[in-house]
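**Student:** Start from the sequences, fold in the hints, and give me the full structure.
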Amino acid sequence: MQYMFLIYSAEGSGPQQGTPEFQEMMNGYMSFTNGVRDAGIFEAGAPLEGIDTATTVRVRGGAAQTTDGPFAETKEVLGGYYILDCKDLDEALAHAAKIPTAAYGSIEVRPVMQM
Amino acid sequence: MARVRDLELAEDALQDALVAALKTWPAKGVPDSPRAWLLKVALNRAVDRIRRSANFAEKREQYGTMLQLDQMTEPQETDHDIPDERLRLICTCCHPALGEPAQVALTLKTVGGLSTGEIARAFLVAEETMAQRLVRAKRKIKAANIPYLVPGAEAWPERLDAVLAVIYLIFNEGYAASSGDAHVRGDLCREAVRLGDILHQLLPRETEVGGLLALMMLSDARRPARVERAGELITMERQDRRLWDQAQIKRGASLLIATLARGNIGPFQVQAAISAVHCEAPAYAATDWKQICLLYEKLYELQPSPIVALNAAVALSFACSAEAGLKSIEDLTASGELEHYQSYHVARADMLARAGRTGEAADAYRAAIALTENTAERRHLASRLEALNDTSHSRHSRESGNPEPRQ
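Quick note, the sequences are listed as chains A and B, same order. Under my numbering, the residue at position 100 of the first sequence is numbered 100, and the numbers go up by one with no gaps. Just so we're on the same page, my numbering is the position in the second sequence counted from 1, plus 1000.
If you are wondering where the hints come from, they were derived from the structure by calculation, not from laboratory data. C-beta: ideal position from N, C-alpha, C; glycine also. Just to be clear, a hint being listed does not mean it is correct.
Claimed, not checked - Straight-line Cα separation of at most 30 Å, DSSO-like style, residue types lysine-lysine; simulated pairs:
{"no.": "1", "chain 1": "B", "residue 1": "K1138", "chain 2": "A", "residue 2": "K87"}
{"no.": "2", "chain 1": "A", "residue 1": "K98", "chain 2": "A", "residue 2": "K75"}
{"no.": "3", "chain 1": "B", "residue 1": "K1298", "chain 2": "B", "residue 2": "K1327"}
{"no.": "4", "chain 1": "B", "residue 1": "K1138", "chain 2": "A", "residue 2": "K98"}
{"no.": "5", "chain 1": "B", "residue 1": "K1040", "chain 2": "B", "residue 2": "K1142"}
{"no.": "6", "chain 1": "A", "residue 1": "K87", "chain 2": "A", "residue 2": "K98"}
{"no.": "7", "chain 1": "B", "residue 1": "K1040", "chain 2": "A", "residue 2": "K87"}
{"no.": "8", "chain 1": "A", "residue 1": "K87", "chain 2": "B", "residue 2": "K1298"}
{"no.": "9", "chain 1": "B", "residue 1": "K1142", "chain 2": "A", "residue 2": "K98"}
{"no.": "10", "chain 1": "B", "residue 1": "K1028", "chain 2": "B", "residue 2": "K1040"}
{"no.": "11", "chain 1": "B", "residue 1": "K1290", "chain 2": "B", "residue 2": "K1250"}
Claimed, not checked - Computed from the model, here is a short list of chain B residues facing chain A with C-beta under 10 Å:
{"no.": "12", "residue": "A1097"}
{"no.": "13", "residue": "R1139"}
{"no.": "14", "residue": "A1143"}
{"no.": "15", "residue": "A1144"}
{"no.": "16", "residue": "A1153"}
{"no.": "17", "residue": "A1165"}
Unchecked claim - A few chain A residues facing chain B, derived, Cβ under 7 Å:
{"no.": "18", "residue": "T53"}
{"no.": "19", "residue": "T66"}
{"no.": "20", "residue": "D88"}
**Tutor:** Put into structure tokens, the structure is as follows:
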């Protein structure tokens, strides 16, 4: 059985970059990742760029609508995810518009942080 | 910009190059290919800046760029060889993944060359707020990898629409002056016309670009007559038509004729044609309202929005009667769709006043005043309301002007 883990937190609520607390948190992430990797249960995982970089795509009446920012409809719940390797945001947005749920829900496109 | 792939770095490097030009050119003379000279110096400075960058992570990220730049030694380019970067820049600035305020600010900053302070003043926000908006937009371009290119055929119509919308938004911010100091706003109109002109030079075959430019030129030509010294807005009926810029009207009209001849009609071209009919009338009473009605019908076909329906009704009220105009928006009134739209109440108030329905007209003026932020326009509407009371006994009002149709 595969499970997806969705990591939520308010922007800026955690330890700030450059502080010892931040380093401690990063060490925590590293040991967690290594732990699940060693246990052979790691499938995929990566941090995302900030909410500032999000773009949302919806298809209504057959036309793709692109807006700045994350999805905002609180009734919509996360139903799945893809990680695709695209050459730029335009290519990513073109794929997003082809995901069937875009026709009634929203697809939030966020760059995966380069590590 | 295409070569350094970082808007902030590109800006800084060009800034350096311009400073170098100011130091060198007066003494040594302007080089034969000034653009090529600037580009070469800017590229060198970009490399320097990356080398100097204190942040190691950033350095590593840009190291590849630096190597690439270094390999482009002594580019033997002349001005002629450099492709026009402005279209790509405009497309990036108006990318739909950026918010509208960010699109407008970025376009004015990078294509229009306005300073952050100037843009902040024009949009009535603190300079710091505008600076943050720009930084955030540039950061998103970089982090989300918004491409720096002219989109392919498939995405082109939608993206061109987005670019035109941004330029028209800049124009309207200056023209309609929803709030604030009228003087700064006029600069925005001129800037929008200039941006439209650049785009038209880059895309001479796109008829809607020609249509938008003609529309802005024709509207802007009437601007000197629109505002009194006290900042009061003057309706088209009371405008001194001698103040209209006839040379610009002529340029706008001939651009429109040339554009329409290409036979690819669109909403901006129809709006420009409506504006041209207004400009051609030697006096308000001589306005060809029948022609304007037909054009609004065409516009509604292309763009069936309640606002177009409202403007069509105003034209009809002059071509036929105020009652006919009111009748044509009965459905709109019943739906309450434009209840929060100030121009709807102004237009309706005027038609009601002309139809002699004074009580209803007064209510509509009050609704309009409640929705008006611009102080000059508030004063103007209040004087209309007052005039309504003065003339409620005699139907022949001194000034039964209609608001200038707006899209």
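**Student:** Against each hint, give a clear statement of whether it holds in the structure.
**Tutor:** Against the structure, the hints come out as follows:
1. Taking the CA atoms of K1138/B and K87/A, the gap is about 19 Å. The hint holds against a cut of 30 Å.
2. At most 30 Å may separate the alpha-carbon atoms for a hinted pair to count; K98/A and K75/A meet this at roughly 22 Å.
3. With a CA separation close to 20 Å, the supplied pair K1298/B and K1327/B stays within the 30 Å bound.
4. For the hint linking K1138/B to K98/A, the alpha-carbon distance of about 27 Å falls within 30 Å, and the restraint holds.
5. With a CA separation close to 23 Å, the supplied pair K1040/B and K1142/B stays within the 30 Å bound.
6. Between the alpha carbons of K87/A and K98/A the distance comes to roughly 17 Å, so the proposed pair stays at or under 30 Å and holds.
7. A C-alpha spacing of about 28 Å is found between K1040/B and K87/A, which places the hinted pair at or below 30 Å, so the restraint holds.
8. With a C-alpha separation of about 42 Å, the suggested pairing of K87/A with K1298/B is violated against the 30 Å cut-off.
9. A hinted pair counts as satisfied when its Cα atoms are at most 30 Å apart, and K1142/B with K98/A qualifies at roughly 24 Å.
10. With a CA separation close to 17 Å, the supplied pair K1028/B and K1040/B stays within the 30 Å bound.
11. Proposed proximity of K1290/B and K1250/B is supported: the alpha carbons are some 22 Å apart, at most 30 Å.
12. Using the Cβ-Cβ criterion of 10 Å, the hint placing A1097/B at the interface with chain A is satisfied: the shortest such distance is roughly 4 Å.
13. With its C-beta approaching chain A no nearer than about 7 Å, R1139/B sits inside the 10 Å limit, and its interface hint holds.
14. Given hint, A1143/B at the interface with chain A, holds; its Cβ is 4 Å from that chain's nearest Cβ, closer than 10 Å.
15. Interface hint status for A1144/B: upheld, as the beta-carbon distance to the closest one in chain A is roughly 5 Å, under 10 Å.
16. Below 10 Å, beta-carbon pairs count as interface contacts, and A1153/B has none with chain A, the closest being about 13 Å; its hint is therefore violated.
17. With a cut of 10 Å, the hint placing A1165/B at the interface with chain A is violated, because the nearest CB-to-CB distance is about 13 Å.
18. Because the smallest distance between the Cβ of T53/A and any Cβ of chain B comes to about 4 Å, under 7 Å, the interface hint for this residue holds.
19. Contact between T66/A and chain B, as hinted, is supported at the beta carbon level, the nearest pair being about 4 Å apart and thus within 7 Å.
20. Against a cut-off of 7 Å between C-beta atoms, the interface hint on D88/A holds, since the closest Cβ of chain B lies about 4 Å away.
When the structure is compared with the earlier hints, violations turn up for hints 8, 16 and 17 and for no others.
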